[in-house]
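*Asks:* Generate coordinates for the entire structure from the input sequences, incorporating the hints supplied.
So the chains spell out like this:
2 protein chains.
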Amino acid sequence: MKIITLDEIKEILPDLDLIPAIEAGFVAYSAGQAVVPPVGELLLEEGEVHIKYGYIRQDDYYVIKIASGFYDNPNFGLPSSNGLMLLFSQKTGQLVSILLDEGYLTDLRTAVAGAIAAKYLAPQSVKCIGIVGSGIQARQQLMMLRQVVDCRKVLAWSLDKDHLELYRDDMIAQGFQVQIAPDTGSMMARCDLIVTCTPAATPLLAAADLRPGIHITAVGSDTPHKQEVEAAILGDADLIVADSIAQCLVRGEIFQALRANQIDLEDISELGQIIAGNVPGRTSDQQITIADLTGVAVQDIGITVAVYEAAMKKRQSKI
Amino acid sequence: MKIITLDEIKEILPDLDLIPAIEAGFVAYSAGQAVVPPVGELLLEEGEVHIKYGYIRQDDYYVIKIASGFYDNPNFGLPSSNGLMLLFSQKTGQLVSILLDEGYLTDLRTAVAGAIAAKYLAPQSVKCIGIVGSGIQARQQLMMLRQVVDCRKVLAWSLDKDHLELYRDDMIAQGFQVQIAPDTGSMMARCDLIVTCTPAATPLLAAADLRPGIHITAVGSDTPHKQEVEAAILGDADLIVADSIAQCLVRGEIFQALRANQIDLEDISELGQIIAGNVPGRTSDQQITIADLTGVAVQDIGITVAVYEAAMKKRQSKI
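Quick mapping for you: the protein sequence lines, in order, are chains A and B. According to my numbering, the first sequence is numbered sequentially starting from 1. According to my numbering, the second sequence is numbered sequentially starting from 1001.
Below, simulated DSS-like cross-link-like pairs (lysine-lysine); rule was C-alpha separation at most 30 Å, straight line:
#1 B:Lys1153 with B:Lys1010
#2 A:Lys226 with A:Lys127
#3 B:Lys1010 with A:Lys2
#4 B:Lys1314 with A:Lys2
#5 A:Lys313 with A:Lys119
#6 A:Lys226 with B:Lys1091
#7 A:Lys2 with B:Lys1002
Each pair of labels, with its calculated beta carbon distance range:
#8 A:Arg57 with B:Ala1206: 40 to 46 Å
#9 B:Asp1238 with A:Tyr71: 48 to 54 Å
#10 A:Ala206 with B:Arg1315: 55 to 61 Å
#11 B:Pro1224 with A:Pro280: 45 to 51 Å
#12 A:Pro20 with B:Leu1043: 27 to 33 Å
#13 B:Asp1170 with A:Ile3: 30 to 36 Å
#14 B:Pro1037 with A:Leu249: 19 to 25 Å
Don't read these hints as lab results, they were simulated from the structure. The beta-carbon is built from N, C-alpha and C at its ideal position, and this holds for glycine as well.
*Replies:* Okay, structure coming up:
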């Protein structure tokens, strides 16, 4: 049994292309080849814990991921997110590896899904990226977009202005040309690829600001209560894509738009169908597209297996 | 974060009295102080995985246990059971310890529950112990009974006669006087403390053989389909005890007896109530008592915390 620490994971990641691994997970999921039981949840006084687990049929492994959020942790000098990934043999149940990623791979696999959505749904030539939010996911999403989009011009907006300035400075240091948007309306006027990554419970993007050629990836809403995008935006979209249709029926932006009668179930495609080529992605630069990402265990499976295999290869090469 | 291997666990266990730790868990559970969400389950082609998790309010930790059964494993020279225990801080969500117990502590905490049931429910003077089954649990239950019962005379019976002879020899080597019973009827005629630990789907103990003064602990049935004890035995019992009433309503011997209209819900007491002294246990040597143990996450919590704390103490003492 191999224990892989966060330091080792971070050493491996720069050379690892996670997009194919997680694309394969989405394809398997949409093809009905993934077994992902309902998420386990433990609510505590100071935080919450989610257990996501499952496997892809005919694969070698199954994965159990534990991810926690303890929101007072920053008061103790600790990150609020934490967690680990466990990799087991599908044939014998033996524990193959423990990835002590401290929640890092959960942030990363979410950003990889955003990059995949952009790869298939953003206009061919992105002129400006819009980022709504200023936290870890706002950083990770933008960094990961470099793998699929040439554009380095960014307009950023966040409710938290101090965090937003820090975000701008950090992302400039990473080679982006970042400006702060006065509001999301002006962002929607200038950006054609917008990623929302906030815990908002009332919409931050308004349908009135929508214009042809925009793609929006909504990452923040993963509960029945959160909502970043006005439901009418989904109503106006030419293509609505869920990471998991089953999950988006009960949480996230699609859930809100269905409830508001802005869309119908048959309007929704699944990301894995588009990756597989069974459903067309964006077909013109004038289309409005939206991807609603609520997070699926196949992402955890894909990233865990990819990191484990890369770590073993790297260890071998050092012998 | 501390990793504790099976070797270290086995080194600690002889000096560790697990009964108080697991009794405290049952008491907390029956007092409504334990948070134990539904068990997570992952079914694979070659096996199954269960995720049990929870915590006791006001405690320092929460525990996630992963236990698997892969039934072809012996063909590859591997044990069919496997697993690990994860201990986290209830305050911060940080991973405190990984107990790589390979399923060993699950077997053990089940046996400790059997000893606790015997402590409160067996007649004061046990003349002969009956063991139904010849597997790991048949061994662990008998070994653990030494802590609560003086009797070393054993009658053993199992469907698998080869395993049964091996069992007899192994348990004689552990200091018991073991004879093989020709059938469970003769066991019930001579034994006053009987533990059933088989995966039987049709009852092995018959109500016709029941006599005053017997205590039965049924350990094997943990699904809606398994049944070791004829439902009428519960109907004839003076005291019926569940480790978890909620769980015994949907699986195990109590579920079968309720379904057969042999007992009513109000006939059932909970082990934690008896340990706490809120409900009397056995009050005379003539009573017939039965405990139905389906396994509760508080046992996992109790054993994980106890083993972790003992391991840390032992490591300290070695410095």
